[in-house]
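> Given the sequences, and given the hints that come with them, work out the whole structure.
Chains as they are written, first to last, in the numbering used here: chain A, 1 to 486; chain B, 487 to 993.
It is worth saying that the hints were derived from the structure and are not from the lab. Take these hints with a grain of salt, some might be off.
[To be verified] Label pairs and their calculated CB-CB ranges:
id : chain 1 : residue 1 : chain 2 : residue 2 : range
1  : A       : 356       : B       : 508       : 25 to 33 Å
2  : B       : 936       : A       : 371       : 34 to 42 Å
3  : B       : 497       : A       : 371       : 38 to 46 Å
4  : A       : 354       : B       : 593       : 48 to 56 Å
5  : B       : 497       : A       : 34        : 41 to 49 Å
6  : B       : 701       : A       : 203       : 58 to 66 Å
Where is the CB? At the ideal position from N, CA and C, for every residue including glycine.
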Amino acid sequence: MNWSDIGTILPVVIAVLVAAAVLIVDMAAPGRREPIVVTALAGLGLAAVSIAVQAGHTGSAFGGAYSLDNLTVFLDMLFVAIAALTIMFAGDYLELRGLPIAEFAAVLIFAVTGAMLVAGSTDLLLLFVALELMVLPGYMLAGFARHDPYSTEGAIKYFLLGSFSSAILLFGLAYVWGITGTTRVDGVAAALTTAIAHGSIQPGLAMGLAFMSTGVAFKMAAVPFHYWTPDAYQGSPTPVTAYLSVGPKVGAFAIALRLFVGALGPLKADWLPIVIVLAAATMTLGNLVAITQDNVKRMLAYSSIAHTGYILVGLAAYAGGQASGLSAILFYGAAYTFMNMGAFAVVTALQRRPGVSSQIATFAGLGRRDPWLGALMALFLLSLTGIPPLAGFWAKAYVILAAVQAGGWLSALAVLAMINAAAAAFYYLRVVVYMYMREPTEETAPSSAGLLFRAGLAVTGAATLIFGLFPALVTAATNAANVFHG
Amino acid sequence: MNLPILSLITFTPLVGAIVVATLPSRRPDLIRRTTLAFALLAWVMSLVLLAAYAFGPAGFRFNEAIDWIPAFGIQYKVGVDGLSVLMVVLTTTLTWISVLASFGPIKDRVKGYMISFLVLEVGMIGVFVALDLFLFYIFWEIVLVPMYLIIGIWGGANRVYATMKFVLYTLVGSLLMLVAILATAFAYQVGHGGSWAGAFDYGQLQGFAATGGFGDNFQILAFLALFLAFAIKVPMFPFHTWLPDAHTEAPTAGSVILAGVLLKLGAYGLIRFAVPLYPHAAHTFAWPIIVLSVIAIVYGAIVSIVQPDLKRLVAYSSVSHMGFVTLGIFVFSATALQGAILQMINHGLITGGLFLLVGVIYERTHDRTIARMGGLAATMPIWSTVFGFFILASAGLPGLSGFVGEFLVFVGSFGIAPGIAVASIIVMVLAATYLLWMFQRVAFGTLSDFLGGLGGHLTDMNRTELATLLPLAILIVVLGLFPSVVLDLLRAPAQVFLAAAGVAVGG
Numbered sequence: 001m002n003w004s005d006i007g008t009i010l011p012v013v014i015a016v017l018v019a020a021a022v023l024i025v026d027m028a029a030p031g032r033r034e035p036i037v038v039t040a041l042a043g044l045g046l047a048a049v050s051i052a053v054q055a056g057h058t059g060s061a062f063g064g065a066y067s068l069d070n071l072t073v074f075l076d077m078l079f080v081a082i083a084a085l086t087i088m089f090a091g092d093y094l095e096l097r098g099l100p101i102a103e104f105a106a107v108l109i110f111a112v113t114g115a116m117l118v119a120g121s122t123d124l125l126l127l128f129v130a131l132e133l134m135v136l137p138g139y140m141l142a143g144f145a146r147h148d149p150y151s152t153e154g155a156i157k158y159f160l161l162g163s164f165s166s167a168i169l170l171f172g173l174a175y176v177w178g179i180t181g182t183t184r185v186d187g188v189a190a191a192l193t194t195a196i197a198h199g200s201i202q203p204g205l206a207m208g209l210a211f212m213s214t215g216v217a218f219k220m221a222a223v224p225f226h227y228w229t230p231d232a233y234q235g236s237p238t239p240v241t242a243y244l245s246v247g248p249k250v251g252a253f254a255i256a257l258r259l260f261v262g263a264l265g266p267l268k269a270d271w272l273p274i275v276i277v278l279a280a281a282t283m284t285l286g287n288l289v290a291i292t293q294d295n296v297k298r299m300l301a302y303s304s305i306a307h308t309g310y311i312l313v314g315l316a317a318y319a320g321g322q323a324s325g326l327s328a329i330l331f332y333g334a335a336y337t338f339m340n341m342g343a344f345a346v347v348t349a350l351q352r353r354p355g356v357s358s359q360i361a362t363f364a365g366l367g368r369r370d371p372w373l374g375a376l377m378a379l380f381l382l383s384l385t386g387i388p389p390l391a392g393f394w395a396k397a398y399v400i401l402a403a404v405q406a407g408g409w410l411s412a413l414a415v416l417a418m419i420n421a422a423a424a425a426f427y428y429l430r431v432v433v434y435m436y437m438r439e440p441t442e443e444t445a446p447s448s449a450g451l452l453f454r455a456g457l458a459v460t461g462a463a464t465l466i467f468g469l470f471p472a473l474v475t476a477a478t479n480a481a482n483v484f485h486g
Numbered sequence: 487m488n489l490p491i492l493s494l495i496t497f498t499p500l501v502g503a504i505v506v507a508t509l510p511s512r513r514p515d516l517i518r519r520t521t522l523a524f525a526l527l528a529w530v531m532s533l534v535l536l537a538a539y540a541f542g543p544a545g546f547r548f549n550e551a552i553d554w555i556p557a558f559g560i561q562y563k564v565g566v567d568g569l570s571v572l573m574v575v576l577t578t579t580l581t582w583i584s585v586l587a588s589f590g591p592i593k594d595r596v597k598g599y600m601i602s603f604l605v606l607e608v609g610m611i612g613v614f615v616a617l618d619l620f621l622f623y624i625f626w627e628i629v630l631v632p633m634y635l636i637i638g639i640w641g642g643a644n645r646v647y648a649t650m651k652f653v654l655y656t657l658v659g660s661l662l663m664l665v666a667i668l669a670t671a672f673a674y675q676v677g678h679g680g681s682w683a684g685a686f687d688y689g690q691l692q693g694f695a696a697t698g699g700f701g702d703n704f705q706i707l708a709f710l711a712l713f714l715a716f717a718i719k720v721p722m723f724p725f726h727t728w729l730p731d732a733h734t735e736a737p738t739a740g741s742v743i744l745a746g747v748l749l750k751l752g753a754y755g756l757i758r759f760a761v762p763l764y765p766h767a768a769h770t771f772a773w774p775i776i777v778l779s780v781i782a783i784v785y786g787a788i789v790s791i792v793q794p795d796l797k798r799l800v801a802y803s804s805v806s807h808m809g810f811v812t813l814g815i816f817v818f819s820a821t822a823l824q825g826a827i828l829q830m831i832n833h834g835l836i837t838g839g840l841f842l843l844v845g846v847i848y849e850r851t852h853d854r855t856i857a858r859m860g861g862l863a864a865t866m867p868i869w870s871t872v873f874g875f876f877i878l879a880s881a882g883l884p885g886l887s888g889f890v891g892e893f894l895v896f897v898g899s900f901g902i903a904p905g906i907a908v909a910s911i912i913v914m915v916l917a918a919t920y921l922l923w924m925f926q927r928v929a930f931g932t933l934s935d936f937l938g939g940l941g942g943h944l945t946d947m948n949r950t951e952l953a954t955l956l957p958l959a960i961l962i963v964v965l966g967l968f969p970s971v972v973l974d975l976l977r978a979p980a981q982v983f984l985a986a987a988g989v990a991v992g993g
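Take a look at the structure:
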């Protein structure tokens, strides 16, 4: 190790220091919210600056275990944004429920640190360690409302299935190491290419591929490995759900990019069928079950499963020979992050007072009670549906375009994705129906939120709109971040 | 010409929507008048456009093109030919009439309603002027959201069911259309050495199609996807089941726009995109589509006879009338196509008027059941006279515009499919049956007990209501007597359409 290694992973270092600083500030001024939020946001801002400085640079650290490239930069930026938005949305909610904000912010930033390490991992071992660093704080966050039995239940389910899947993934990684003799991503890819050229792919590799697919599918909540998602999402405090629905999911796709595309790229013809089946099952089942939900958090949980399916279409398009599928994944990840966090933020705002449920009836008459909140929710829901000219539309359009370009079975997958998108309109618009076409049932809840909260909503709303009107701004970044070539 | 008149027309309502959004909700009258002012402004500009276009050469004019997403060759490209100009004018005319017709009936959440209407107008005009397939798709989807809100918030008792059905039907079609559009652009890109330039440009794509650029199997799949989207919108039998619900539940002005413009979007899509881009597939499927059209014509008329609800009757009659449009498109004859387009305009004027007239009655009685009406001729003479006029226009009385459109379709299709032409013309008798029988039950006889119980509430049409109907009535007479005003503009587009569609016939 030398000092230039530290420079390469500077954003990660800053993030760790911010998490530590948050805890120290809390010790210095216990129970006060402002200093913690200011420290966390300022620190994340600093991390963002350090990431921005790295844009366009490439490098590697720790003997090639960690790589800095535009993909790392893009994903790091997204993770920092996720962390900052989560903190902005969580403040009011936690305080009113007597939950400590300092621990929340620190644990969250540790989790995001793990995600940032995943983004740059080019070594299977580091990838696994980073993954665990990302998900372990996630379990804590899921159970953060520890007096709430649902929160605990969700956290336990998340923890048990999460650990299980990590073990399976590790088992798969062990196979790869055993067969290729290296843990470096490029080394694995080179060894596999050579092996394929000699026509000597061992059966053990198929086992490893199966285990790794299972592990990653668990993490991204792809059907049939999604069972933990609805309970974990519904039970968690709503701001945590907002984080869980985007952070670990984008993280899981970062693993997919580094592991399946980077290391196992030479085997893509072998894992293509797996991804096609996963994508088809994930979006179809996620949508069908989401239609039947009466709880908005649970509905959004299933909808996030469906979106995993759409993103997998992009991965399948890559495996089918269209490198642009990966840019589409990144665009989807960014668009989904902002629109989905925005939707969860509105749920959070409605639940400001403890005891307010996330049942769909809570939304009745929201368009009249709070026109701005209602309009924003409608914006996020329309974007999630994929109505132009909003971010979610371009996300779908790019994924579909890549799939259509790949042709063959992927065209059929594209058609299936669009039929699914039409079905999804039903449950997204059902919320709009409640907001605008039903009278308020209970007392009109005062949902006036704090300044920071409103700033967060403004950011997510503006991103949903701007990504939609000027998608070229984002595609410039996603194309640069697509460091893999078909 | 440097003035971007098409963009001005398209986005004037958007500016209006933004202005209205800043007005205080407590002043509904100000909001209503501002909306009307912007709708009238767009209308006046569209008349200027019509005049400017009519006194110039044919083809696409007033073009504007700006790169939007250069990586994929997606442009903001607009332009109009004779067909689009007429559709734009139809849209702007019906929009201001609808806005004016909403002054009385819409009392709740006026601001949201007027904003929805203006955004709706942006989408509708955009669809008719877009010359980039991607842009077209975006405008197409923009139309959906305001109409969803207009039916769902300001509609009748069963509005949520109706609006969800409307949205889901439309989305299934339009999302498959998106796949087809992307696939088409990709096929173009592959055919041009991997360059995306012009891949979504209508002119380029049509040129590519004319040289047989799209393979036969590809055409079949892409055409089916586009056809489904457009057929749902028209709506063609058997994709029409959303229409009676949406029409019945929508507020009066919503029904006017739905029937007057939204259904035309589907027919326009068939004429502009589905047939010229995939001529081989269009010919392959022409006969099944002609048969479906005739089924729609006959079925819509028969079902109309038994409808107990005034609005539902008018809605089903739309299915029948739009069947003439699709028939006129797919027999591939210049006369029939001109008739079909004229029929699109007529249907917008006549059915729009009928919905307005039913709305007048509904305002006073809060009922639309035919069986509870009767004897209105004595109590509401002006209304009954105007209603009778529109009924006769809808039934195809010679001298009024409805006759000319259906007659041209009949003449145009007779040479190609005499049996079908005769079958569809017999339906005009059915149309006279259900329309005149309904008129008789509503207007003649003694005043029904239900209406008598309303007493003084049953006033005749007021001046605002008359102002919404008179322009339509005048246009119906003018187009009935001088159809060449419109047909001249359509001659060139019809030739272009046939040339594009004819390529595959010759091989």
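> Can you let me know if the beta-carbon spacing of residue 356 of chain A and residue 508 of chain B is within 25 to 33 Å?
Cβ of residue 356 of chain A to Cβ of residue 508 of chain B: about 32 Å, so the range 25 to 33 Å holds.
> 58 to 66 Å was suggested as the range; check whether the CB atoms of residue 701 of chain B and residue 203 of chain A agree with it.
41 Å Cβ-Cβ, so the 58 to 66 Å window is violated.
> May I ask you to test the hint 38 to 46 Å on the CB atoms belonging to residue 497 of chain B and residue 371 of chain A?
violated, 24 Å
> CB of residue 354 of chain A to CB of residue 593 of chain B, is that within 48 to 56 Å?
Check failed, 38 Å falls outside 48 to 56 Å.
> Does the Cβ pair residue 497 of chain B, residue 34 of chain A satisfy 41 to 49 Å?
holds, 44 Å
> Is 34 to 42 Å a correct range for the gap between the Cβ atoms of residue 936 of chain B and residue 371 of chain A?
holds, 40 Å
Hints 3, 4, 6 from the list above are not met by this structure, while the remaining hints are.
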